[in-house]
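*Asks:* Start from the sequences and build out the full structure, keeping to the hints where you can.
Chains Y and B are the protein sequences, given in the same order.
Residues 320 to 501 in the numbering used here are what the first sequence lists, from first letter to last.
Residues 479 to 546 in the numbering used here are what the second sequence lists, from first letter to last.
Simulated from the structure, these hints should not be mistaken for laboratory data.
Any given hint could turn out to be false.
Said to hold, decoys possible - Just so you have them, the derived chain B footprint on chain Y, three or more residues with Cβ under 8 Å:
(1) 324-335
(2) 452-461
(3) 469-482
(4) 486-492
Claimed, not checked - Which chain B residues stay away from chain Y? Per the calculated CB distances, all over 12 Å, these:
(5) S520
(6) V521
(7) L522
(8) R523
(9) L524
(10) Q525
(11) F526
(12) F528
C-beta atoms are modelled at their ideal positions from N, C-alpha and C, and glycine is treated no differently.
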Amino acid sequence: MVDGRGNIYVNSVGFDMMAGEKFSPGIIVLVASDGSVRPVADGLKFANGMAVTPDNSTLIVGESYGKTLTAFNIDADGHLSNRRTWADLRDGVPDGICIDAENAVWYADVPNKRCVRVREGGEILQTVKSELGCFACMLGGPGGATLFIVTREWRGVESTTDRTRTGRVITMNAPAQHAGWP
Amino acid sequence: MHTLMTDLMFGESPRWHDGHLWFADWGMHEIIAVDNDGKSESVLRLQFSFQPISIDWPRPPTHRFFAR
Numbered sequence: 320m321v322d323g324r325g326n327i328y329v330n331s332v333g334f335d336m337m338a339g340e341k342f343s344p345g346i347i348v349l350v351a352s353d354g355s356v357r358p359v360a361d362g363l364k365f366a367n368g369m370a371v372t373p374d375n376s377t378l379i380v381g382e383s384y385g386k387t388l389t390a391f392n393i394d395a396d397g398h399l400s401n402r403r404t405w406a407d408l409r410d411g412v413p414d415g416i417c418i419d420a421e422n423a424v425w426y427a428d429v430p431n432k433r434c435v436r437v438r439e440g441g442e443i444l445q446t447v448k449s450e451l452g453c454f455a456c457m458l459g460g461p462g463g464a465t466l467f468i469v470t471r472e473w474r475g476v477e478s479t480t481d482r483t484r485t486g487r488v489i490t491m492n493a494p495a496q497h498a499g500w501p
Numbered sequence: 479m480h481t482l483m484t485d486l487m488f489g490e491s492p493r494w495h496d497g498h499l500w501f502a503d504w505g506m507h508e509i510i511a512v513d514n515d516g517k518s519e520s521v522l523r524l525q526f527s528f529q530p531i532s533i534d535w536p537r538p539p540t541h542r543f544f545a546r
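*Replies:* Given below as structure tokens:
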């Protein structure tokens, strides 16, 4: 993802889940506007969706195996510091995430087949159930308050590579508009 | 709840951009843009094994980036 200042953050799960490799922690790298590539975070338990707050001060990353949303301060040079738990999701498994104008985060959850809106600290504000696994979500639309969710049939890791065309984009009205990046 | 599109292989990385929802179909090696009425177009079809899993736009805007 790219923040509002042009910093590009890329993460890596850290192991080849599809090949059956056992868990190994993931990283985030920063690709700066000068083209340099530097690791800026490590030890992530399945790094997944990332988002940056509208003021470019905070990066939030979902850790699917850690079942948390983890936040970092973004320093002036794009480096990440002050790592902390933004929200403990209990049984939630975050995949794609986005931020809204009330400083809440929507996260998509594959195994639990839902999208959940949470506040910093972990309070659940809204849960949207789906018949399919929810892989990612994003606010947008003409008014900015449509939640778009990409979904797909999910029967465990093996189903990741099947060629069935069960994928969908579903939409619903959200209580707050899109904010931040992406 | 409303279904905007079906028949995708593996949608990822939805982003609202320029009046459309853009996303990657990882399984089909394709970037798709769909408007609010469900009218979609294939923006880019990758002719090699690269599987797009995340897309975004640089700021200031010039090109698009893909990660896999």
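*Asks:* Determine for every hint whether it applies to the structure shown.
*Replies:* Status of the hints after comparison with the structure:
Under a criterion of three residues with beta carbons nearer than 8 Å to beta carbons of chain B, the stated coverage of the segment 324-335 of chain Y is upheld, 4 such residues being counted. Using a Cβ-Cβ cut-off of 8 Å, 8 residues of the segment 452-461 of chain Y lie near chain B, which meets the minimum of three, so the contact claim holds. With 5 residues carrying a beta carbon less than 8 Å from a beta carbon of chain B, the segment 469-482 of chain Y meets the three-residue requirement, and the given coverage holds. Only residues whose beta carbon comes within less than 8 Å of a beta carbon in chain B count, and the segment 486-492 of chain Y has 6; three or more means the coverage holds.
With a closest Cβ-Cβ approach of about 14 Å to chain Y, B:S520 is found to remain outside the 12 Å limit, as its non-interface label requires. Chain Y leaves B:V521 outside its interface by the beta-carbon criterion, the shortest separation being 15 Å against a cut-off of 12 Å. Distance to chain Y confirms B:L522 as a non-interface residue, since its nearest Cβ pair spans about 17 Å, more than 12 Å. The Cβ of B:R523 sits about 16 Å from the closest Cβ of chain Y, beyond the 12 Å cut-off, so the non-interface label holds.
No beta-carbon of chain Y comes within 12 Å of the beta-carbon of B:L524; the shortest separation is about 16 Å. For B:Q525, the requirement that its beta carbon stay farther than 12 Å from each beta carbon of chain Y is met, with the minimum near 18 Å. At roughly 18 Å from the closest C-beta of chain Y, the C-beta of B:F526 stays outside 12 Å, upholding its exclusion from the interface. The claim that B:F528 is not at the interface with chain Y holds, since no C-beta of that chain comes within 12 Å of its own (minimum 15 Å).
The structure meets every hint from the earlier list without exception.
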